[in-house]
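Q: Following the hints, complete the assembly by docking chain C onto the known chain V.
Line by line, the protein sequences are chains V and C.
The first sequence: position 6 = 61 (our numbering), numbered continuously.
The second sequence: position 105 = 411 (our numbering), numbered continuously.
To be clear, the hints were calculated from the coordinates, so they are not data collected in a lab.
It cannot be assumed that every hint is accurate.
Restraint ranges, calculated between C-beta atoms of paired labels, are given here [as the list claims (entries may be wrong)]:
1. C:Thr359 with V:Ser62: 36 to 46 Å
2. C:Asn325 with V:Ser154: 22 to 32 Å
3. V:Ser154 with C:Lys406: 20 to 30 Å
4. V:Met95 with C:Ser329: 19 to 29 Å
5. C:Ser385 with V:Gly97: 17 to 27 Å
6. C:Val365 with V:Gly97: 19 to 29 Å
7. V:Val108 with C:Thr327: 33 to 43 Å
8. V:Glu138 with C:Pro346: 17 to 27 Å
9. V:Ala57 with C:Thr389: 19 to 29 Å
Think of the CB as a built atom: it goes at the ideal place given N, C-alpha and C, for glycine as much as any other residue.
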Amino acid sequence: DAGVIQSPRHEVTEMGQEVTLRCKPISGHDYLFWYRQTMMRGLELLIYFNNNVPIDDSGMPEDRFSAKMPNASFSTLKIQPSEPRDSAVYFCASRTSGSYNEQFFGPGTRLTVL
Amino acid sequence: LAKTTQPISMDSYEGQEVNITCSHNNIATNDYITWYQQFPSQGPRFIIQGYKTKVTNEVASLFIPADRKSSTLSLPRVSLSDTAVYYCLVGPPGALNFGKGTSLLVTP
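Just chain V, with the same shape it has in the complex (with noise of 0.2 Å):
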């Protein structure tokens, strides 16, 4: 098995610009997460889909941000305008829903914004 694939896996961009990360999760996984990581705040979740319907989005900081997951096998999370702030590293997890808490995490995708 493949385990969740991210691209791409490093990103620089400039400040202003759109930016989208794509998520593909363990085949049979009805759960998918996105997260966020920054020396300062640690590992944060963003938003979590459940059969690809967005069950919650709190942790999404503002509206430059949103995610979507047009089917079971895809998912996106684009920023637009990019800001410095940004810079991170983001990553996706997938789980199935009788593994409890036990996701799987992908290798993450690091965002640059200059």
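A: Only chain C this time, still in chain V's reference frame:
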């Protein structure tokens, strides 16, 4: 989600047993206790999960007292490769709040 408190950092020598304790005084009835491990430049990895008493797997043991207001992750005979950040999470099946975890440094 229940608030958790765990040490910011710990040091250990190779071969020793390491115990990391996490406090979670406001744990709810349907909350599970879950521990993750994160190596540099990688995503977190599930280690162990429990509801009460003791749970053991090939990697670690998890001790949970009867009142469930704390838990202890026990790593037997650590090696240099166990140097990582360890997160204690408490909550129902669903969203998890990782916070900053405990940074464990294992030295020769």
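Q: Taking the hints in turn, state whether each one holds.
A: Comparing the hints with the structure gives:
no.: 1; hint: C:Thr359 with V:Ser62: 36 to 46 Å; in the structure: holds, 42 Å
no.: 2; hint: C:Asn325 with V:Ser154: 22 to 32 Å; in the structure: holds, 26 Å
no.: 3; hint: V:Ser154 with C:Lys406: 20 to 30 Å; in the structure: holds, 24 Å
no.: 4; hint: V:Met95 with C:Ser329: 19 to 29 Å; in the structure: holds, 23 Å
no.: 5; hint: C:Ser385 with V:Gly97: 17 to 27 Å; in the structure: holds, 25 Å
no.: 6; hint: C:Val365 with V:Gly97: 19 to 29 Å; in the structure: holds, 23 Å
no.: 7; hint: V:Val108 with C:Thr327: 33 to 43 Å; in the structure: holds, 37 Å
no.: 8; hint: V:Glu138 with C:Pro346: 17 to 27 Å; in the structure: holds, 26 Å
no.: 9; hint: V:Ala57 with C:Thr389: 19 to 29 Å; in the structure: holds, 27 Å
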